[in-house]
Amino acid sequence: MDFNDTQKEAAFREEAANWLSGNTPKQSELEGLDYIQRAKLWQKRKYDAGWACMRWPTEHGGRGASAIEQVIFDQEQSKYKTPDSIFGIGQGMCAPTMMAWASDEQNKQYMPAIASGEHVWCQLFSEPAGGSDLAALRTRAVKDGDDWVVNGQKIWTSGAHYSDYGVLVLRTDPNLPKHQGLSYFFLDMKSPGIEIKPIKQISGGANFNEVYFNDVRIPDAQRLGAVGQGWQVALTTLMNERASIGGGGGGVNFDSVFELASNITVDDQPAIKDTGVRRKLADWYVQEAGLRFTGYRSMTALSKGEIPGPENSIGKLVGAPKQQDMASFALDLLDASGIIWDEELSERAGLFQATYMASPGFRIAGGTDEIMANIIAERVLGMPQDIRVDKGIPFSEVPTSGN
Amino acid sequence: MNFEFSDEQNLLREQAQGFLRDYCSTSVVRRILDGEESYDKDLWQKVVDMGWTATVIPEEYDGLGLSYLELSVIAEELGKAIAPIPFSSSVYLATEILMAAGSAEQKSEWLPKLASGATIGCLAVAEGSGPMTGNALAAKLEAGKLTGVKIPVADGDVADFALVLANDDQGPTICLVELNQSGVVCELVKTLDPSRSHACLKFEGALAQVVGASGQGLALLDSIYNRAAVLFAWEQVGGADTALNMAKEYALGRFAFGRPIATYQAIKHKLAQAYVKNTLARSNCYFGAWALSTDAKELPIAAATARVSAIQAYYYASKENIQTHGGMGFTWEFDCQFPYRRSKLLAINIGSEAVWQEKLIQAIEKDRAA
Numbered sequence: 001m002d003f004n005d006t007q008k009e010a011a012f013r014e015e016a017a018n019w020l021s022g023n024t025p026k027q028s029e030l031e032g033l034d035y036i037q038r039a040k041l042w043q044k045r046k047y048d049a050g051w052a053c054m055r056w057p058t059e060h061g062g063r064g065a066s067a068i069e070q071v072i073f074d075q076e077q078s079k080y081k082t083p084d085s086i087f088g089i090g091q092g093m094c095a096p097t098m099m100a101w102a103s104d105e106q107n108k109q110y111m112p113a114i115a116s117g118e119h120v121w122c123q124l125f126s127e128p129a130g131g132s133d134l135a136a137l138r139t140r141a142v143k144d145g146d147d148w149v150v151n152g153q154k155i156w157t158s159g160a161h162y163s164d165y166g167v168l169v170l171r172t173d174p175n176l177p178k179h180q181g182l183s184y185f186f187l188d189m190k191s192p193g194i195e196i197k198p199i200k201q202i203s204g205g206a207n208f209n210e211v212y213f214n215d216v217r218i219p220d221a222q223r224l225g226a227v228g229q230g231w232q233v234a235l236t237t238l239m240n241e242r243a244s245i246g247g248g249g250g251g252v253n254f255d256s257v258f259e260l261a262s263n264i265t266v267d268d269q270p271a272i273k274d275t276g277v278r279r280k281l282a283d284w285y286v287q288e289a290g291l292r293f294t295g296y297r298s299m300t301a302l303s304k305g306e307i308p309g310p311e312n313s314i315g316k317l318v319g320a321p322k323q324q325d326m327a328s329f330a331l332d333l334l335d336a337s338g339i340i341w342d343e344e345l346s347e348r349a350g351l352f353q354a355t356y357m358a359s360p361g362f363r364i365a366g367g368t369d370e371i372m373a374n375i376i377a378e379r380v381l382g383m384p385q386d387i388r389v390d391k392g393i394p395f396s397e398v399p400t401s402g403n
Numbered sequence: 001m002n003f004e005f006s007d008e009q010n011l012l013r014e015q016a017q018g019f020l021r022d023y024c025s026t027s028v029v030r031r032i033l034d035g036e037e038s039y040d041k042d043l044w045q046k047v048v049d050m051g052w053t054a055t056v057i058p059e060e061y062d063g064l065g066l067s068y069l070e071l072s073v074i075a076e077e078l079g080k081a082i083a084p085i086p087f088s089s090s091v092y093l094a095t096e097i098l099m100a101a102g103s104a105e106q107k108s109e110w111l112p113k114l115a116s117g118a119t120i121g122c123l124a125v126a127e128g129s130g131p132m133t134g135n136a137l138a139a140k141l142e143a144g145k146l147t148g149v150k151i152p153v154a155d156g157d158v159a160d161f162a163l164v165l166a167n168d169d170q171g172p173t174i175c176l177v178e179l180n181q182s183g184v185v186c187e188l189v190k191t192l193d194p195s196r197s198h199a200c201l202k203f204e205g206a207l208a209q210v211v212g213a214s215g216q217g218l219a220l221l222d223s224i225y226n227r228a229a230v231l232f233a234w235e236q237v238g239g240a241d242t243a244l245n246m247a248k249e250y251a252l253g254r255f256a257f258g259r260p261i262a263t264y265q266a267i268k269h270k271l272a273q274a275y276v277k278n279t280l281a282r283s284n285c286y287f288g289a290w291a292l293s294t295d296a297k298e299l300p301i302a303a304a305t306a307r308v309s310a311i312q313a314y315y316y317a318s319k320e321n322i323q324t325h326g327g328m329g330f331t332w333e334f335d336c337q338f339p340y341r342r343s344k345l346l347a348i349n350i351g352s353e354a355v356w357q358e359k360l361i362q363a364i365e366k367d368r369a370a
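Top to bottom, those sequences are chains A and B.
Residues 1 to 403, numbered by this note's numbering, are exactly what the first sequence covers, in order.
Residues 1 to 370, numbered by this note's numbering, are exactly what the second sequence covers, in order.
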């Protein structure tokens, strides 16, 4: 066991570090740009130098790199403050689905613009009646000549308002059982009949949208997979969602709460002297370490050219509730002042308050805690699926919340 | 990045699994739990014949001179099998103390016998309720003679010698006492986990020799516990996987309301949580094994991290295994009791969860102050 790169990996790391050191955007270049423009500027620069979507084949805009090389580049990039990416869904979920199911010509046409950041893609899956039970979606597509005519509503679409294209699953036959009546498409988000409305979240932000379809026409040539094969295609996208969303990222972590507990006085001594505080911090440290070392195990598999084992699936289920619990605990430490949420007045410019309000979303987006637990039980432990009362019944006859 | 066991180490694991499947089924655990014997002598002899007790002992003392990664593999498999033998006392504790602090003569005398399994060693620290601190220590070492009462002592009834914490004129000190002498009285103690024997050792002027420096017993113990904690954590992770597998197998076969209980989310989510806890603990054990095998300065943090998460994982998996079994899990006849008992023994034998949480935060504070 060791933590060192192989010789080849070390050489690659050096190459990546060298390029990054001279090419990350300077503050002066970013001034006056909004976050979309900043993200696009940085992505284009990486693309031009061959550092974008590195694992993709060269004809699609990548460089045919290995998984470990992508990880190494990401690690090196994370040492710099670079513009936040807005391409995760397009590059991480839509593009792999296209590459698996679209024609060579389509991929040649669309992939390079995804890699360069010229085109942003979104994913239109969830609906008001289908979240965890995604296949219960109802937005209808009816064949009309060489087109499909779409009517209905999608929800929780991240980035719909700045996306150029989207992938979506639609109900093409309501008289077949739930999973069998679906088909998968991609479409131009500027198509007539699309209306996008932002959703204001409890955290104050508006990262998601409702997307309404009123007689929107999608060419049949933009169907991925056969009519009725939409669920299978959707699984390609969802597999990649889990691979790309990962451990819940930064925000409130052991370090930030440890520091807070060291600086706050409770009963005339720093809170960190309190046994209860120490025990809680120890628990979170242990969880964070466990996630970090699980990541090392996955990296080892990638380094050997293998696929990481099922241990990789625990990240979101551990990371998301941990964020919520740690933020809540930090607010308790702040006592009455914890209620103040103000960039000027709050500790860490309101990080703990912001995480307290954002973390309920972490536990829901990309698979709820409960769905993640089902996935572990079913795919990792091999336990059977729950009995489904809608199995084999025409979708149009399945009971729904509304009736 | 190579954060994985080597092919040779994985081969050792396969060999260990096959061996323990043959010679340490749960019926072996049950025989010791139910019977009069303190440990399974047949299994112990076979473990010795495999060379496991010699794993990390240097070749100059007739050991195999392998690394702590190999010993980690063995520990995990013994933990999975809930093996009823004095392996941890002799290997993780007695052998470690002698290797770390024994004089040249003590090493030459004892290490070859520990390696060959001819001798079993144990560690005697506790003197009743609560964690052992210097202030509470009553055992006394005066002019090479030990007096005092140690209870409970894991494997105290089967060991040939004990390493005993006692005060000499310099303070807490570790001393070596051969147990087959007139100044030692050994009585069996009834415990929560009768698959591992425990004794009360009474020393009445027993001949003893100091191991390591006088007055440095607590510091020595602390460093040995950091090492042993990693190996115990591997046993715990192994045991936690056993409990999870028992629960899963039962849930797949047990029908209620016309279907396997494994289809119910209440059961699935319980077992998914066990998988999560086991995985976190296992990954932390990897880091512990790395730190132990390389003598890394991170060992105190790595050991505490592995131990805290392994305690939590084994407790959760073993109690929810009984719960998943329902009433049958509560019967003597079923095997669910084995991991439940063993999880508590391993959770408190070298300091409880709370003790190690405190050690962890102290180690982090020290690391950050440096």
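Careful: at least some of the hints might be erroneous.
[Stated by the list, open to error] Derived, one-sided and incomplete: chain A residues facing chain B with beta-carbon distance under 7 Å:
(1) M1
(2) R278
(3) W284
(4) T294
(5) I307
(6) P308
(7) N312
(8) L317
(9) I376
(10) M383
(11) D386
(12) I387
(13) V389
(14) D390
(15) I393
(16) P394
[Said to hold, decoys possible] Covered by chain A, per the in silico footprint, the following chain B stretches (three or more residues, Cβ under 8 Å):
(17) 12-25
(18) 38-47
(19) 112-119
(20) 322-332
(21) 346-352
[As the list claims (entries may be wrong)] DMTMM-like mimics (lysine to aspartate or glutamate), calculated; alpha carbons at most 20 Å apart, straight line:
(22) K366/B - D267/A
(23) K273/A - D160/B
(24) K344/B - E365/B
(25) K280/A - D160/B
(26) K273/A - D367/B
(27) K304/A - D7/B
(28) K304/A - E8/B
(29) K366/B - D255/A
(30) K273/A - E365/B
(31) K280/A - D7/B
(32) K344/B - E378/A
(33) K366/B - D147/A
Simulated from the structure, these hints should not be mistaken for lab results.
Positions of the beta carbon are idealized from the N, C-alpha and C atoms, including for glycine.
Here is how each hint holds up against the structure:
At a threshold of 7 Å, the smallest CB-CB gap from M1/A to chain B is about 5 Å, leaving the interface hint in force. At a threshold of 7 Å, the smallest CB-CB gap from R278/A to chain B is about 5 Å, leaving the interface hint in force. Among the interface hints, the one on W284/A is violated; its C-beta lies about 11 Å from the nearest C-beta in chain B, farther than the 7 Å criterion. Proximity of T294/A to chain B holds as hinted, the smallest CB-CB distance being about 4 Å (cut-off 7 Å).
For I307/A, the interface hint is violated, the least distance from its beta-carbon to any beta-carbon of chain B being 14 Å, above 7 Å. Checking P308/A against chain B: minimum C-beta separation of about 11 Å lies over 7 Å; hint violated. Interface restraint check for N312/A: the shortest CB-CB distance to chain B comes to about 9 Å, outside 7 Å, so the restraint is violated. Interface restraint check: L317/A against chain B, minimum CB-CB distance 6 Å, threshold 7 Å, status holds.
A least Cβ separation of about 4 Å between I376/A and chain B falls short of the 7 Å threshold, and the interface hint therefore holds. The closest approach between the C-beta of M383/A and any C-beta of chain B is roughly 4 Å, which is under the 7 Å cut-off, so the hint is satisfied. A hinted interface residue such as D386/A counts as satisfied when its beta carbon comes closer than 7 Å to some beta carbon of chain B; here the least separation is about 5 Å, so the hint holds. For I387/A, the interface hint holds, the least distance from its beta-carbon to any beta-carbon of chain B being 6 Å, beneath 7 Å.
Given the 7 Å rule on beta carbons, the hint for V389/A is violated: about 13 Å separates it from the nearest Cβ of chain B. Taking 7 Å as the C-beta contact cut-off toward chain B, the hint placing D390/A at the interface is violated, the least distance being around 15 Å. A cut of 7 Å between beta carbons decides the hint on I393/A: the least distance to chain B is about 18 Å, and the hint is violated. Of the supplied interface hints, the one on P394/A is violated, with its beta-carbon coming no nearer than about 24 Å to a beta-carbon of chain B, more than 7 Å.
Residues of the stretch 12-25 of chain B lying with their CB closer than 8 Å to a CB of chain A number 0, which falls below the three-residue condition for coverage. Evaluation of the coverage hint for the stretch 38-47 of chain B: breached, as 0 residues show C-beta separations to chain A shorter than 8 Å, against a requirement of three. For a cut-off of 8 Å, the count of residues in the stretch 112-119 of chain B with a CB near a CB of chain A stands at 0, and the three-residue condition is violated. Coverage of the stretch 322-332 of chain B by chain A is violated in this model, with 0 residues showing a Cβ closer than 8 Å to a Cβ of that chain against a need of three.
A stretch counts as covered by a chain when three or more of its residues have a beta carbon under 8 Å from one of that chain; for the stretch 346-352 of chain B and chain A the count is 0, and the coverage is violated. Of the supplied pair hints, the one linking K366/B and D267/A is violated, its CA atoms being roughly 23 Å apart against a limit of 20 Å. Using a Cα cut-off of 20 Å, the hinted pair K273/A and D160/B is violated, with the two alpha carbons roughly 43 Å apart. About 28 Å separates the Cα atoms of K344/B and E365/B, which puts this hinted pair outside 20 Å; it is violated.
Distance check on the hinted pair: K280/A and D160/B sit about 42 Å apart at the alpha-carbon level, beyond 20 Å; violated. Taking the CA atoms of K273/A and D367/B, the gap is about 17 Å. The hint holds against a cut of 20 Å. Restraint check for K304/A and D7/B: satisfied, since their Cα atoms lie roughly 13 Å apart, inside the 20 Å limit. A hinted pair counts as satisfied when its Cα atoms are at most 20 Å apart, and K304/A with E8/B qualifies at roughly 16 Å.
At roughly 14 Å between alpha-carbon atoms, K366/B and D255/A fall within 20 Å of each other, so this suggested pair holds. Straight-line distance between C-alpha atoms of K273/A and E365/B comes to about 11 Å, which keeps the hinted pair within the 20 Å bound. Distance hint between K280/A and D7/B is unfulfilled; the C-alpha atoms sit about 38 Å from each other, more than 20 Å. Among the hinted pairs, K344/B with E378/A is inconsistent with the structure: their alpha-carbon atoms are about 29 Å apart, more than 20 Å.
Using a Cα cut-off of 20 Å, the hinted pair K366/B and D147/A is violated, with the two alpha carbons roughly 68 Å apart.
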